[in-house]
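Starting from the given sequences, assemble the full structure and let the hints guide the process.
Quick note on numbering: our numbering labels position 154 of the sequence shown as 188, and the sequence is numbered without any gaps.
Hints were generated in silico from the structure; no laboratory data involved. Computed from a predicted structure; not experimentally measured. Take these hints with a grain of salt, some might be off.
[To be verified] Now the in silico label distances, taken between C-beta atoms and shown as ranges: (1) Arg128 <-> Asp252: 37 to 45 Å; (2) Lys256 <-> Lys78: 34 to 42 Å; (3) Ala37 <-> Glu240: 33 to 41 Å; (4) Asp247 <-> Arg128: 39 to 47 Å.
[To be verified] With a Cα cut of at most 27 Å, we get these calculated DSS-like pairs of lysine-lysine: (5) Lys245 <-> Lys279; (6) Lys256 <-> Lys279; (7) Lys244 <-> Lys158; (8) Lys78 <-> Lys283; (9) Lys292 <-> Lys70.
For every residue, glycine included, the Cβ atom is placed at its ideal position computed from N, Cα and C.
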Amino acid sequence: MAADTDSTRMETGLASFSLPDGRTVDLVGVVHLGDKAYYQDLNKRLAGYDAVLFELVGDPSALQGKADPSEADEKPAPPHPLRMLQQTMGRLLRLEFQLQNIDYTRPNFIHADATGEEFEKMQKERGESMMQLMLKSMELSSDPAVSEKFRAAQQIGLGDLILMFYSDKAAARFKIVFGQLLAESEQILEKKILGRNSALIAGRNEVALKKLDEVLTDPAKKRVCLFYGAGHMPSMEAVLRTRLKAEPKSFTWLTAWKMPPADPPAPSSAGGKKDASHASGSPEEKSASEPDTGK
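Set out below in structure tokens:
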């Protein structure tokens with residue numbers, strides 16, 4: 035999350051790295067819900083890569099428009115509950131859903147994630163299960179330090195949720211709480227629930243980075259990106275730096291969604307003015323030494 039006198043923003047990062055042979059690998063972090071303009075901007079950026087390695091646990095055929103017509107009479111798979119929840123939240127918050135706005139049919143898009151069977155195998159090898167994750171989450175709910183981070187979300191009542199259906203202003207206020215919740219939950223999920231070697235992060239990153247190695251064997255692939263959830267990026271960056279000897283080039287913050295200022299800004303000794311580079315909601319060019327690609 036970022037904020038100034040004009041707005042509060044959910045932002046994701048685009049980190050660009052140079053390989054020793056001069057080619058470029060970018061880490062393009064993404065969130066699954068955002069403004070339409072955010073996904074339009076991403077579509078334009080992704081069109082410029084020789085290869086876009088994207089995430090999706092499962093079979094990407096339907097997403098990429100490659101489904102076998104002979105399978106048309108088969109019963110469709112039931113909707114994924116997490117995806118349904120994300121779509122519902124998107125409607126409530128007047129946000130768009132990633133999978134419905136990114137063009138995955140482009141020929142430069144390459145699936146770089148686990149299949150459903152591979153992911154289940156990763157979980158079994160690590161002794162992970164949904165029940166185990168739920169139990170850890172329940173334990174954390176009684177931790178005062180964790181509860182404090184989610185205080186704003188806990189204060190939202192049923193009336194507030196109903197009001198979001200009818201009021202753009204109420205939806206805008208809840209966006210701030212939801213954005214803060216996302217930012218905090220990603221850190222808590224990896225550090226206190228999943229651990230560094232989880233199937234969800236570490237296991238899938240291994241698959242993505244193996245696919246990157248394959249793609250880089252083609253000398254024609256001079257500009258490549260990993261298009262993944264922002265929570266995956268810190269460990270991916272570490273591998274690029276250590277194993278591939280990649281050097282940082284640049285860093286850009288992209289605005290996923292904009293909201294009103296969270297609180298009235300406190301006046302400063304300079305009359306409340308800020309440096310121009312922090313005064314707008316447009317992406318900011320920063321050093322690639324930034325530690326993360328989502329905030």
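Now the hints, each set against the structure:
no. : hint                          : result
1   : Arg128 <-> Asp252: 37 to 45 Å : 42 Å, holds
2   : Lys256 <-> Lys78: 34 to 42 Å  : 19 Å, violated
3   : Ala37 <-> Glu240: 33 to 41 Å  : 36 Å, holds
4   : Asp247 <-> Arg128: 39 to 47 Å : 41 Å, holds
5   : Lys245 <-> Lys279             : 17 Å, holds
6   : Lys256 <-> Lys279             : 16 Å, holds
7   : Lys244 <-> Lys158             : 21 Å, holds
8   : Lys78 <-> Lys283              : 20 Å, holds
9   : Lys292 <-> Lys70              : 11 Å, holds
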